[in-house]
Amino acid sequence: MIRIENLSKSFGRNTALSDITLQLSPGQCVALIGPNGSGKTTLLKCILGLVRPSAGKVWVNGITAAGNWAYREHIGYMPQVGRYPDQMKVEQVLELIRQIRGREAARHTDAELIGAFGLEEVMAQRMYTLSGGTRQKVSATLAFLFGPPILILDEPTAGLDPVANEVLKDKIRRQCERGKLIIITSHILSDLDDVATDVLFLQEGRMQFFKTLASLKAETREDRLSRAIARIMQKEKP
Amino acid sequence: MKKIISFVVGDIIRNRIVLAYTAVLLLFSLGLFSLEPHPEKALLSLMNIVLVFVPLASIVFSTIHYYNSAEFMELVLAQPVARSRVLLVEFAGIALALALAFLIGVGLPVLWYEASARGVLLVLGGVMATVVFVALAFLGAVSFRDKAQGIGAALILWFFFALVFDALLLLVLYNFSEYPLERAVLILTMLNPIDIARMMIITRMDTAALMGHSGAVFREFLAGGWGWIAAWMALLAWGGLPLAGAVRIFSRKDL
Amino acid sequence: MKKNSSLRIPFHYIGKMLTAALLVFLQPVFTFAISHVVCPSCPLSSIKEAVETAEEGDTVIIEEGVYEEHGIAINKRLHLTGRGRAVVDGRDQGEILSVFASGSTVRGLTFRNVGVSYIEDPAAIRLVRCEGCLVADNTLEDTFFGIYLQQSEDCMVRNNRITGRAKEEASSGNAIHIWKGERIRVEGNYASGHRDGIYFEFVDDSEIRGNVSEGNLRYGLHFMFSNRDVYENNVFRDNGAGVAVMFSRQISMLRNTFEYNWGGASYGILLKEISDGEMAYNTFRENTKGIYAEGANRLHIHHNEFLRNGWALDVKGNCLDNRFEYNNFIANTFELTTNSKYNLNTYSNNYWSKYRGADLNRDGIGDVPYRPASLHALIIGKVPAASVLLHSFFMEALDYAERLLPSLIPEQLVDEKPLMKPVRNDTH
Chain A
7 MIRIENLSKS FGRNTALSDI TLQLSPGQCV ALIGPNGSGK TTLLKCILGL
57 VRPSAGKVWV NGITAAGNWA YREHIGYMPQ VGRYPDQMKV EQVLELIRQI
107 RGREAARHTD AELIGAFGLE EVMAQRMYTL SGGTRQKVSA TLAFLFGPPI
157 LILDEPTAGL DPVANEVLKD KIRRQCERGK LIIITSHILS DLDDVATDVL
207 FLQEGRMQFF KTLASLKAET REDRLSRAIA RIMQKEKP
Chain B
16 MKKIISFVVG DIIRNRIVLA YTAVLLLFSL GLFSLEPHPE KALLSLMNIV
66 LVFVPLASIV FSTIHYYNSA EFMELVLAQP VARSRVLLVE FAGIALALAL
116 AFLIGVGLPV LWYEASARGV LLVLGGVMAT VVFVALAFLG AVSFRDKAQG
166 IGAALILWFF FALVFDALLL LVLYNFSEYP LERAVLILTM LNPIDIARMM
216 IITRMDTAAL MGHSGAVFRE FLAGGWGWIA AWMALLAWGG LPLAGAVRIF
266 SRKDL
Chain C
26 MKKNSSLRIP FHYIGKMLTA ALLVFLQPVF TFAISHVVCP SCPLSSIKEA
76 VETAEEGDTV IIEEGVYEEH GIAINKRLHL TGRGRAVVDG RDQGEILSVF
126 ASGSTVRGLT FRNVGVSYIE DPAAIRLVRC EGCLVADNTL EDTFFGIYLQ
176 QSEDCMVRNN RITGRAKEEA SSGNAIHIWK GERIRVEGNY ASGHRDGIYF
226 EFVDDSEIRG NVSEGNLRYG LHFMFSNRDV YENNVFRDNG AGVAVMFSRQ
276 ISMLRNTFEY NWGGASYGIL LKEISDGEMA YNTFRENTKG IYAEGANRLH
326 IHHNEFLRNG WALDVKGNCL DNRFEYNNFI ANTFELTTNS KYNLNTYSNN
376 YWSKYRGADL NRDGIGDVPY RPASLHALII GKVPAASVLL HSFFMEALDY
426 AERLLPSLIP EQLVDEKPLM KPVRNDTH
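Residue numbers (this note's numbering), protein chains in the order written: chain A, 7 to 244; chain B, 16 to 270; chain C, 26 to 453.
It is worth saying that the hints were derived from the structure and are not from the lab.
The reader is advised that the hints may include incorrect statements.
[Said to hold, decoys possible] Away from chain B, derived, C-beta distances all over 12 Å, residues of chain C:
1. T358
2. L415
3. L423
[What the hints assert, rightly or not] Here are the computed lysine-lysine pairs in the DSSO-like style, where the Cα-Cα straight-line distance is at most 30 Å:
4. A:K63 - A:K95
5. B:K162 - B:K268
6. B:K56 - C:K379
7. C:K205 - B:K56
8. C:K341 - C:K407
9. B:K56 - A:K95
10. A:K95 - B:K162
11. A:K95 - A:K223
12. C:K205 - C:K101
13. C:K341 - B:K56
14. A:K63 - B:K268
15. B:K18 - A:K223
16. C:K366 - C:K407
17. C:K366 - B:K56
18. C:K205 - C:K73
19. B:K56 - C:K407
20. C:K366 - C:K379
21. C:K101 - C:K192
22. B:K56 - C:K446
23. C:K379 - C:K297
24. A:K223 - A:K175
[To be verified] Label-pair distances were calculated between CB atoms; the ranges are:
25. C:R449 - B:H228: 50 to 58 Å
26. C:D384 - B:L45: 19 to 27 Å
27. C:R449 - B:S131: 26 to 34 Å
Small disclaimer: the values here were computed from a predicted structure and weren't measured.
Glycine is no exception: its CB is placed at the ideal position from the N, C-alpha and C atoms.
Excised from the complex, chain A in its bound form:
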């Protein structure tokens, strides 16, 4: 579904990603983790075509990301920080994205999250009146709204209240079970524990490992993702 080959990216002297090769398939829910500045966001942006690779290629459903934009109809994206035009209403933001996605996408929408988050009440409100959490709910709704086969969620649970957090995790789990490919970054590893099937660990732009959560836990003999990661990081230090 997503194929990445020898992907490198540097911003000036700083190397953000170096020589990453991997393949992601439907039904995987990949936890993308790593310390700050390890290249997580850059990798996501490369898949989304927001950042152009210095070397290597990204394919999404067989289409190269570089120079194309139509392939993004297969992707739903939830950004880390959801900032919207202050004076737009929630319904206008949804309508705006629907317009951009085109008529075909608008035909089979998945409005489940609107109801689950209780967003109907704020539909007519302008974005600047919303709390950070509500804005995050709007972002999550937008990502799932058009039922894309690939979902890229950048820190989706930050700022959500526990109830919404559970709603979202439940949604992710069910989508994954339906054979969608989901990529999540999060600092809150306990949130990932519940949903992830695979773990992709980045450090200083390099892919340290990419394996299933089950095998990771087995290797480290830990039953929590956070512990497993901590163990690996300790091992690396001499």
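Place chains B and C on chain A using the hints.
Frame of chain A, contents of chains B and C only:
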């Protein structure tokens, strides 16, 4: 497409700064027309506001707005849509909203007090100045990742076109005063959108002073069909070229 | 004071003027002359013949019709009067009518087609060494020179309509041309399409009133070496170079309108080497330059209106002791320019519409003195192409700074008492 632009315009026109801008323009215009007993003078003073304040407000507001909407643009760009289209929609939204603010703030009072050809020309000049400086703002904003740098660039651009360019022009005129400079000067003014708009307006407004030796040459050029068209073309190019440059840079940059 | 004495006409002229008036106006009533009627079908069908037949003091009445004649010479006192539309067509053969006899009258005739000659300067009507002649109510069409007075005194040129189709200065004549004369009155004429509308050279103690001179190639009024003259209530409009008054003393210029004189060398009025005159209640409207003064001295310029001119005043450094008072300067692009660092004239109690001072004590006079000279105008004087910066933010800012701290404009050029409101000129 129309619907998307209308959403963007609707968002910007409700912006508090844009509302204040409209109110200030309205206050200026109404004040000038009601306090100044000579409509010619009111129109001339208004021209100075239109050609100095409007470019400043347009370029600074557009720059800030561009940086402030970076995250939303990122979200939009994650959708199946070409980058150029997103930037053009954003440009159209800001330019339309600011032009609308200008039309309400200056256009309406001018139509009310001085609905003459020169009044209309002044309003048209102001709309063009708005569009050109929004385009310049975009060119500056896509070129700098840092917001402070971008705003700095916007201010420098404005300062250059509003003041420095004319100072340099005067320097050139002084140093080459032995030569017949009129044609060369006309070409030089085409390098400054504010000067183009100003010359287009005053050749229709302040005719007596432009009847002197050089003035007559300028007037003849700009009043005649081809010169007039050339000036409009130059002004449109000042909107189009920076915008095209901005689209080019934007399409290739990392976000 | 000085101004008044300069306008007073010396006593011995009054007698002469009275005689002239009697001659001109009362003659037809008191003489017992014979009338000769000319018409195309009459026994007398030629004006020339009638003029030859007539005796001193007779009247020649010319009935409606076209008379193809030129070179008519009047050597005795005669009164030529046209009835209906009596047209004398010179068929481009040269001068039509020359008057050499004092006390003669030419009125009510139409003259046309004089033809061009650069050696003889032919005119429709020429008065040579005449006293007390009257030329009135004539219509002149395409005459090279219209009415030409030379070495004449106490004559009146009134209500003539003189139109031409001059295209080049060099090949055109003047509508009313007066060379050497005294006590001439030019009143109520209309002159257009010539080189100069009214031309005065060596003409003293004369008056020009109520004329309209417009659309002439060079000057509406061309005035040289003439002293103690008055011109009043005239309109000079859209002439190639406006009006020029040069090398003259004690001229009164009152209630005239100078308007729409546009061009690089065009002025509402050009004052050159003129002194001790008065210029008041005139209107200068939309001229490239309202007044251009060079070597003008001791003029009293007051109660004039300067409206929407490019430059209201261009006063060169060689102008001394002129007084500018109670003038209104409204919506001019530049109010004043000069080419000197010094100012030897006085400006006071004028209304300058660009003045921005306040009047806290409410005495109608601005609390801060005003400097009307503009740096930009000064720069344009040196570098004409700098007019491209007209009304630019940069130039306005520079102008403003210069007014606060003069370095290039004359520091002493100040109106200490700028008026807060325009002077009301009830004469308009």
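Sort out whether C:K407 lies within 30 Å of C:K366, counting only the CA atoms. holds (14 Å)
Within 30 Å, alpha carbon to alpha carbon, are C:K341 and B:K56? holds (27 Å)
50 to 58 Å as the expected CB spacing between B:H228 and C:R449, which holds or is violated: Roughly 37 Å apart at Cβ, these two residues miss the hinted range, so it is violated.
Taken at face value, is the distance from the CA of C:K446 to the CA of B:K56 at most 30 Å? holds (16 Å)
Given the hint that C:K366 pairs with B:K56, does the C-alpha gap stay at or below 30 Å? At roughly 29 Å apart (the allowed maximum being 30 Å), B:K56 and C:K366 satisfy the hint.
So if I understand the rule, the pair passes when the alpha-carbon distance is 30 Å or less; does C:K379 with C:K297 pass? holds (28 Å)
Hint consistency between A:K223 and A:K175 [alpha-carbon to alpha-carbon, up to 30 Å]: Given pair A:K223, A:K175 holds - Cα atoms ~21 Å apart, limit 30 Å.
Measure nothing beyond the straight line between the CA atoms of C:K341 and C:K407; if it is 30 Å or shorter, mark the hint as holding. holds (13 Å)
Next pair to validate is B:K56 with C:K407; report whether the Cα-Cα distance is within 30 Å. holds (26 Å)
Quickly compare the C-alpha distance for A:K63 and B:K268 to 30 Å and report which way the hint goes. holds (17 Å)
Is B:K162 within 30 Å of B:K268, Cα to Cα? At roughly 16 Å apart (the allowed maximum being 30 Å), B:K268 and B:K162 satisfy the hint.
Determine whether the non-interface label on C:L423 survives the test: each CB of chain B must be over 12 Å from its CB. violated (8 Å)
When each numbered hint is compared with the structure, violations occur for hints 1, 2, 3, 4, 7, 9, 11, 15, 21, 25.
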